[in-house]
Amino acid sequence: MQLDFDVNGKKHSLDIDPQTPLLWVIRDELRLTGTKFGCGIAQCGACTVMIDGQPTRSCVTPAAAVQGVKIETIEAIDSPEARAVKAAWVAIDVPQCGYCQSGQIISAIALLSENRAPTDDDIDGAMAGNICRCATYVRIRQAIKDAAAMLKE
Amino acid sequence: MGNRFSTSPGSHRPEAQSQAGRAPDAFGPERAHATTSTTLTALDRRSLLRGLAGAGLGLVIGVQLPRRAAAQSGAATAMSGGAGEAVGTFAPNAFIRIAPDSTVTVLIKHIEFGQGPYTGLATLVAEELDADWEQMRAEAAPADTELYKNLAFGVQGTGGSTAMANSYEQMRKAGATARAMLVAAASAAWGVPAAEIAIESGSITHKGTGKAAKFGEFADAASRLEPPENVTLKDPKAFRLIGTDLPKLDTSAKTTGAAMFTIDVDKPGMLTVLIAHPPAFGATVKAVDDKAALAVPGVVAVKTLPQGVAVYAEKFWAAKTARDVLDIAWDTSKAETRSTSEILTLYTEAAAKPGRIVKQRGAELGAANDGSKTIEAEYVFPYLAHAPMEPLDCVIEADADGCQVMAGSQMQTIDQAAIAQVLGLRPETVSITTMLAGGSFGRRATPNADIAVEAAHAAKAFASKRPLKLLWTREDDIRGGRYRPAYVHRLKGRIDAAGNIVGWQQTIVGQSIMEGTPFASMMKDGIDPTMIEGAEDLPYVIPNFQVDVHKLDVGIPVLWWRSVGHSVTGFSTETFIDELLALAGKDAVEGRLAMLGENTRHAGVLREVARMADWGGKVPEGRARGVAVHKSFNSYVAQIAEVSVGKDSAGKEKAPRVHKVWCAVDCGIAVNPNIVRAQMEGGIGYGLGAALYNAITLSGGKVQQGNFDTYRSLRINEMPDVEVSIIKSGEAPTGVGEPGVPPIAPAVANAWAKLTGTRVRKLPFVDIPA
Ligand code: FES
Ligand code: FES
Chain A
1 MQLDFDVNGK
11 KHSLDIDPQT
21 PLLWVIRDEL
31 RLTGTKFGCG
41 IAQCGACTVM
51 IDGQPTRSCV
61 TPAAAVQGVK
71 IETIEAIDSP
81 EARAVKAAWV
91 AIDVPQCGYC
101 QSGQIISAIA
111 LLSENRAPTD
121 DDIDGAMAGN
131 ICRCATYVRI
141 RQAIKDAAAM
151 LKE
Chain B
1 MGNRFSTSPG
11 SHRPEAQSQA
21 GRAPDAFGPE
31 RAHATTSTTL
41 TALDRRSLLR
51 GLAGAGLGLV
61 IGVQLPRRAA
71 AQSGAATAMS
81 GGAGEAVGTF
91 APNAFIRIAP
101 DSTVTVLIKH
111 IEFGQGPYTG
121 LATLVAEELD
131 ADWEQMRAEA
141 APADTELYKN
151 LAFGVQGTGG
161 STAMANSYEQ
171 MRKAGATARA
181 MLVAAASAAW
191 GVPAAEIAIE
201 SGSITHKGTG
211 KAAKFGEFAD
221 AASRLEPPEN
231 VTLKDPKAFR
241 LIGTDLPKLD
251 TSAKTTGAAM
261 FTIDVDKPGM
271 LTVLIAHPPA
281 FGATVKAVDD
291 KAALAVPGVV
301 AVKTLPQGVA
311 VYAEKFWAAK
321 TARDVLDIAW
331 DTSKAETRST
341 SEILTLYTEA
351 AAKPGRIVKQ
361 RGAELGAAND
371 GSKTIEAEYV
381 FPYLAHAPME
391 PLDCVIEADA
401 DGCQVMAGSQ
411 MQTIDQAAIA
421 QVLGLRPETV
431 SITTMLAGGS
441 FGRRATPNAD
451 IAVEAAHAAK
461 AFASKRPLKL
471 LWTREDDIRG
481 GRYRPAYVHR
491 LKGRIDAAGN
501 IVGWQQTIVG
511 QSIMEGTPFA
521 SMMKDGIDPT
531 MIEGAEDLPY
541 VIPNFQVDVH
551 KLDVGIPVLW
561 WRSVGHSVTG
571 FSTETFIDEL
581 LALAGKDAVE
591 GRLAMLGENT
601 RHAGVLREVA
611 RMADWGGKVP
621 EGRARGVAVH
631 KSFNSYVAQI
641 AEVSVGKDSA
651 GKEKAPRVHK
661 VWCAVDCGIA
671 VNPNIVRAQM
681 EGGIGYGLGA
691 ALYNAITLSG
701 GKVQQGNFDT
711 YRSLRINEMP
721 DVEVSIIKSG
731 EAPTGVGEPG
741 VPPIAPAVAN
751 AWAKLTGTRV
761 RKLPFVDIPA
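Order-wise, the sequence lines are chains A and B.
Taken in order, the first sequence gives residues 1 to 153; the numbers are from our numbering.
Taken in order, the second sequence gives residues 1 to 770; the numbers are from our numbering.
If you're looking for bench data, these hints aren't it; they were derived computationally from the structure.
None of the values given here were measured: they were computed from a predicted structure.
Keep in mind that a hint or two might mislead.
Said to hold, decoys possible - Cross-link-like lysine-lysine pairs, in silico, DSS-like; alpha carbons within 30 Å at most: (1) A:K145 to B:K234; (2) B:K320 to A:K10; (3) B:K334 to B:K359.
To be verified - Computed from the model, here is a short list of chain A residues facing chain B with C-beta under 7 Å: (4) F5; (5) D28; (6) A135.
Built from N, CA and C at the ideal position, the CB exists for glycine as well.
Using the sequences plus the hints, can you model the full thing?
Here you go:
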């Protein structure tokens, strides 16, 4: 199929098997490798991208489903929330191996974009789909709170 | 802050050289991307660096090594720094590169997968060099055993939480040597005595004349000097950087998507390779029908390898689609087809009798009628997969003359030799770029170089110069073997009439990790230390003591899993001692302390954790606390877990809900306390997830789990709050990557016993049919 969509503000037009998961379109066709493969079955969140502002597991999203949409990936996502989240992440050294972190950060940005004062339960609810095998969860929780505080200022 | 590290020698790309007046910098965010497509061979690197050095573009300093080593090393000769053919004259053991812009790049011999060596080892250098942290960079060292071996192993590799311990002196010496040479260069240029020159935060100064310079100004001059034979290291009291929470060098790139892992590598003409692995360990390919697979658009070839059937395709999705439609007949006649339940039954039978004795003092625990109480308990531990977040992968490009590999290699020496053997090459013609890895937990340190060998076979069978990227899916990972071994432990303990623990006997049944591997030389009297570590060195003073072991042969491949034997022995010993103390009516902390001796480091962390948690104070309604203390890899960790009875995240089984964990750690000098805390947090989460949920089970030889739906990972809603305290110490640093793991499961189980009256004898907590 002919796939036309917008990724990080750039229009792309690709001839692609409609079953190809968006993850592999992003990684193998567009060569944006910040979005990671962790499970392929919507269990880990490493592949999370924003589709029209909604955090989405790209590993189970077929190319056919993203016709005409706007996608943001870790490489280019930018907003007050995105800047706050990234700054908070760096300030307390959240990442360990780092492999899950693109997905974590996208999910955190999505949470704060909807809810600028998340409770612990809100954080758990928004982030439970993102596995971190290094278990950086204590710091993820803290960094989201720090980012929320930054956004208040 | 830009990226301050590079995982590949891409920093020496010709493009970098051509940017006049600009040092080869590896650290802009764009650069991390650019390195994907360019790797230089050792040879390119050598000639390029010679060029750079000749142009006065940098200083490379290392500690003294014999010339022989220098001559053998591409990297080292590349870094020799002197003019022209200066091979072996000066920087044999090249750990440091100082560029004209004053950036200091430290070549890190240990793989970075989150445990922090990029930051930690760079800190050691910066300390002795009196550098400013802002000027420090880190880069993965190439595969070169002579130069970059782990001093604890004798080969290049990372494991056993040794990165900091074996580098502590080495990297400080490298830094101190560099400093002395900069001082000598400044002294010559300024015509003042070296003793009058000071360096602080990257500034070289002379008080009398008011002269001042940055490192870069003397990089070239220093590169022409002979390194001093001996250097004096700082008194730890004078440390400025060691012991502080310096920001990690790799955080920035790991927050922007710029950090490059093996899976992200792209090279012109590269193909993706997926392998269909056998359905049982030891099964082999009998026949393949690859018609449907070859018909998938984008598929280039299908080849049978010793490891299975490989699909070569332009992109991942084509390879995956084709692999799914391969029709393979397997020969399982030599395969391990038993179920885990059958295997564990054999273990239980073996555990009924004492095995080979590895430690004994006092008398055997025979029958007694002296008013003492004797209890026995049997513990069952499952096989565990490591499930690092980045599934295994390896990029390989081979021809008749050599081979370039980019991978999260954790045992470079072994990988290099194994690849060379498959391809019929000399090991030194196999270059390895050690990439950042998305976790390992032991999985990437295989004695048989499994992923590297698989990649080499894929390259050999394909016999084309196209670069290949071998990828495992999560299912390949969970079903691919190399598990933490399953175990059965049988413990017997005795309390005398006065309530003292007077007898302890532990029988251990399991598989050896080391036997039949290059690590077999670490076995003593035929006994694999990974089976008994943490048990034979029980810290409690018990007069009658015995540990014995049965090693059984099972065809399920096993491997070290974060904290290795301690992940098992920490649980059985710390829950059993807890049970004995409870039976004797003693407090879990006081009772342990009484058997530990006043001034031991075990007692130190135990007292500290009790203080932190206010042990003995009020505990919230419906909750209980459990404690455990365990030494592994020469670091001491005590934890207290506060637990209630909860539902698991699926809302079903009754499982412990862990609210809070207090953790005290004694790892000698904490080079970067923030990383120590992070490793404790991570170790607790990793150990807790496995203890609650994980088991690899086999039925008829087939692994029943496959992905994170059936092999669950701890999630954020299940992660307790963690508070860490680091014992102040002047001892040399020991590791922290693994020691946070062993105490968490027994601490939770001990709390669970208080809450429910049930002692946990079988892991995981949540029942999984064997
Ligand atoms: S890769 Fe998409 S959720 Fe795991
Ligand atoms: S940082 Fe390693 S998986 Fe999250």
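Hints and how they fare:
no.: 1; hint: A:K145 to B:K234; verdict: 40 Å, violated
no.: 2; hint: B:K320 to A:K10; verdict: 28 Å, holds
no.: 3; hint: B:K334 to B:K359; verdict: 36 Å, violated
no.: 4; hint: F5; verdict: 17 Å, violated
no.: 5; hint: D28; verdict: 4 Å, holds
no.: 6; hint: A135; verdict: 2 Å, holds
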